[in-house]
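Engineer: So the chains spell out like this:
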Amino acid sequence: GENVEQHPSTLSVQEGDSAVIKCTYSDSASNYFPWYKQELGKGPQLIIDIRSNVGEKKDQRIAVTLNKTAKHFSLHITETQPEDSAVYFCAASNRGGADGLTFGKGTHLIIQP
Amino acid sequence: ETGVTQTPRHLVMGMTNKKSLKCEQHLGHNAMYWYKQSAKKPLELMFVYNFKEQTENNSVPSRFSPECPNSSHLFLHLHTLQPEDSALYLCASSQLGQGALDGYTFGSGTRLTVV
Chain A
1 GENVEQHPST LSVQEGDSAV IKCTYSDSAS NYFPWYKQEL GKGPQLIIDI
51 RSNVGEKKDQ RIAVTLNKTA KHFSLHITET QPEDSAVYFC AASNRGGADG
101 LTFGKGTHLI IQP
Chain B
1 ETGVTQTPRH LVMGMTNKKS LKCEQHLGHN AMYWYKQSAK KPLELMFVYN
51 FKEQTENNSV PSRFSPECPN SSHLFLHLHT LQPEDSALYL CASSQLGQGA
101 LDGYTFGSGT RLTVV
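Here the protein sequences line up with chains A and B, keeping their order.
If you use the numbering used here, the first sequence corresponds to residues 1 to 113, in order.
If you use the numbering used here, the second sequence corresponds to residues 1 to 115, in order.
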């Protein structure tokens, strides 16, 4: 089955700086890669996703890149703000997600004022 | 409110109790999922229901029993649990159509403590 590795487990950055979280996956058939943000006491919330037919996608301060050859994808957050502090999860799936998503262990992002 | 509602939010139960977790989605989705979230571990997929049919059971112990009476409701029946089953149980829904997935919508979870 699919295996997703996520690094780092904790990331502390100064407010206004950029943050990068990286994930690798094992199943070359995976074709859907979402990122989720989880705040304390809440369920994970989808913030951006990318499909295997594109290499990069951007939504305001958030961008995701995908390298299918190397089987890795990354989340980039620019101009970080205090409200970006949360746990971020990457995930991967194939068959259109019909078998469910496989998640990474999560990255605790801390924005220092 | 995310469109996926889970009840109860918190549950404490003894190892000999029987209880049920409930999930309801108001998004018109056709797939629902149960995930287990434990400290310092990835979210673990437990069960998948596509169009009300269970399609995935990731070697989950029989003390967890899912039920999906319709495409809007999902239950997780619990009996004779162990302390290591204490975790946050998350329900999610999605719309599966032609081609790729359109992301999950998660509920806020049920924090389960087994004593």
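Among the clues, some could well be false.
[What the hints assert, rightly or not] Dumping the calculated DSS-like pairs for lysine-lysine here, alpha-carbon to alpha-carbon at most 30 Å:
id, chain 1, residue 1, chain 2, residue 2
1, B, Lys41, A, Lys71
2, B, Lys40, A, Lys71
3, B, Lys22, A, Lys105
4, A, Lys58, A, Lys37
5, B, Lys22, A, Lys22
6, A, Lys57, B, Lys22
7, A, Lys42, A, Lys105
8, B, Lys41, A, Lys58
9, B, Lys22, B, Lys41
10, A, Lys37, A, Lys71
Quick caveat, the hints were computed from the structure, so don't treat them as lab data.
It should be emphasised that the depicted structure is a prediction, and the values quoted were computed from it without experimental measurement.
Engineer: Against this structure, judge whether each hint is valid.
Structural biologist: Evaluated hints:
no. : hint               : result
1   : B:Lys41 x A:Lys71  : holds (22 Å)
2   : B:Lys40 x A:Lys71  : holds (24 Å)
3   : B:Lys22 x A:Lys105 : holds (26 Å)
4   : A:Lys58 x A:Lys37  : holds (16 Å)
5   : B:Lys22 x A:Lys22  : violated (34 Å)
6   : A:Lys57 x B:Lys22  : violated (35 Å)
7   : A:Lys42 x A:Lys105 : holds (17 Å)
8   : B:Lys41 x A:Lys58  : holds (28 Å)
9   : B:Lys22 x B:Lys41  : holds (23 Å)
10  : A:Lys37 x A:Lys71  : holds (22 Å)
The structure shown violates the earlier hints numbered 5 and 6.
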